[in-house]
Amino acid sequence: MPHALIKYGLSRSYPGHRHFNSRKELKDHYDVVIIGGGGHGAAIAYYLSKYHGVKNVVILEKGYLGGGNTARNTAVIRANYLTEEGVCFYRDSLKLFRGLSNEFGYNIMWENRGQLTLAHTDAAIRSFRWRAEVNKHLGVRSEVIGLDEIRELVPMLNMSEHARFPILAGLWHADGGTARHDAVVWGYAKGACERGVELHQLTTVTGLDIESGRVKAVNTNRGKIQCGCVVQAVAGNSSVVGRMAGIHLPIHTFPLQAMVTQPYKPVLGPLVSSPQYHVYVQQTSRGEFVIGGGSDPYPLYNTRSTLEMKESLAAAAMEVLPFLGQMRLLRQWAGITDMTPDYSPIMGLSPLENYYLDAGWGTWGFKATPICGVTMAELIATQRVPDLIKPFSLDRFYQFRQINEAGATAASH
Amino acid sequence: MKLMRCPLNGWRNISEFTYGGEVESMPNPVTDASDVWAEYLFFHQNPAGLVHEWWCHTATSYWFIAERNTVTDEIIKTYPTSELFQKRVDFSQEEST
Chain B
14 MPHALIKYGL SRSYPGHRHF NSRKELKDHY DVVIIGGGGH GAAIAYYLSK YHGVKNVVIL
74 EKGYLGGGNT ARNTAVIRAN YLTEEGVCFY RDSLKLFRGL SNEFGYNIMW ENRGQLTLAH
134 TDAAIRSFRW RAEVNKHLGV RSEVIGLDEI RELVPMLNMS EHARFPILAG LWHADGGTAR
194 HDAVVWGYAK GACERGVELH QLTTVTGLDI ESGRVKAVNT NRGKIQCGCV VQAVAGNSSV
254 VGRMAGIHLP IHTFPLQAMV TQPYKPVLGP LVSSPQYHVY VQQTSRGEFV IGGGSDPYPL
314 YNTRSTLEMK ESLAAAAMEV LPFLGQMRLL RQWAGITDMT PDYSPIMGLS PLENYYLDAG
374 WGTWGFKATP ICGVTMAELI ATQRVPDLIK PFSLDRFYQF RQINEAGATA ASH
Chain Z
593 MKLMRCPLNG WRNISEFTYG GEVESMPNPV TDASDVWAEY LFFHQNPAGL VHEWWCHTAT
653 SYWFIAERNT VTDEIIKTYP TSELFQKRVD FSQEEST
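Residue numbers (our numbering), protein chains in the order written: chain B, 14 to 426; chain Z, 593 to 689.
No lab work stands behind these hints, which were simulated from the structure alone. Please read all numbers here as calculations on a predicted model, not as lab measurements. The C-beta atom is built at its ideal place from N, Cα and C for all residues, glycine as well. Treat the hints with care, since some could be wrong.
So the derived label-pair ranges between C-beta atoms look like this [as the list claims (entries may be wrong)]: (1) Gly613(Z) to Asp408(B): 14 to 24 Å; (2) Lys669(Z) to Asp41(B): 43 to 53 Å; (3) Gly152(B) to Arg597(Z): 46 to 56 Å; (4) Ala187(B) to Thr610(Z): 32 to 42 Å; (5) Asn417(B) to Arg597(Z): 34 to 44 Å; (6) Ala187(B) to Ser617(Z): 45 to 55 Å.
Computed far set for chain B versus chain Z, every beta-carbon distance over 12 Å [stated by the list, open to error]: (7) Pro15; (8) Leu23; (9) Thr134; (10) Arg142; (11) Val167; (12) Pro168; (13) Ala230; (14) Pro276; (15) Leu342; (16) Glu366; (17) Gln396; (18) Leu401.
Only chain B is shown next, with the shape it has when bound in the complex:
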């Protein structure tokens, strides 16, 4: 046995292979240039190459694949939003997540855990009833539950009547779940690269050549590329890249801080969230408790962490789940979120003819990854805006038709 193992390891025909093979040099021309190698960019490339036969596609990534907000989110997948537009969109995304491992032949570690949102005020219970009815009407499983059911789902919750904000009720979203966020982007990029898409990492877009309302070429730190069309999928940098295309976006960019404990045995099944305390907690399949909260108090393009936010996050987490006080923190980090005024994304056409927007992903980007890939790929390939993303157009702000998504994480209104 050891002999066979050594032989295998030293063999020249070692069967391990790279997931993301690409040409070394950039070509002169691509039909589709995707700016941003995160989950969204990779998903758009995947659906373009697999379902629309568009294969002359390049993904330009200034860092490394999935190294931005795809790696920084807290991997919560849910569809219990409040607006009809939002619920339908995230519902279809959730359906795709369920089948993604089979789609790829690659395990994204999807787990249907269920998600529990806690109400600490009468106003929250009223909004939960509203959300539950909208959800049920649109085929998403959500229901308002009482204290006994909450105790049964998460026995460790602080159910004391003497808590700072006692728990009054819950919104139970049976469809909710989690997946390994890195695996999602790796699966998409692997599938896309197998079909001829090129992934170029450490390639920064430095500018766009625009002539009579069209992008002619994309300038990068590795040279100029002629392009058929361009998609920007750069969560956390949407305003900066949008400005290269001369597009002004309704975005303010905030950091969102999170942290994770050391791994422990599995005790917390559902994903738990408390809008009142601005905290949400989930235990990963590796056993770590991931703790996230609200956005920073002022806009910033910096992933630094602050003691104030970490302190309030830890205090809130312990208020909801007191046993977390015994856990040791392993890591802390921040992601950069492009917050829109109505907490909905900005997707679809732009003022330029061949430039597509996939922006404004605030705190809701990871859970939208598959449906974003499907709809944006359809838009690029057919030139028709899919019904699912029509309401999310940039134009809505000029028409005063915002999609006020009060069900979004960190929606602090």
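For chain B, the structure is supplied; the task is to place chain Z on it using the hints.
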């Protein structure tokens, strides 16, 4: 603890302050079209770099202007609004011209 200098109260913990949005000039409520108002209300410069913003010292309700770098998280300077607005804006006057 991060500190910010309030022009009225001196150095304070930044948690005492509230961020109030970028300094932009308001469109004319009488003459400007709705798309100009949409731009003013929803669209922001949101620069990665130097930004001029409204801030308020919450405890004293004192509004002032801050210049910040949004990449390095440095506060470059803070000053009272009197340095920004030198004269009163009179909209009824603009309407008649």
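Which constraints among the numbered hints does this structure fail? Numbers only, ascending.
Per hint list: zero violations.
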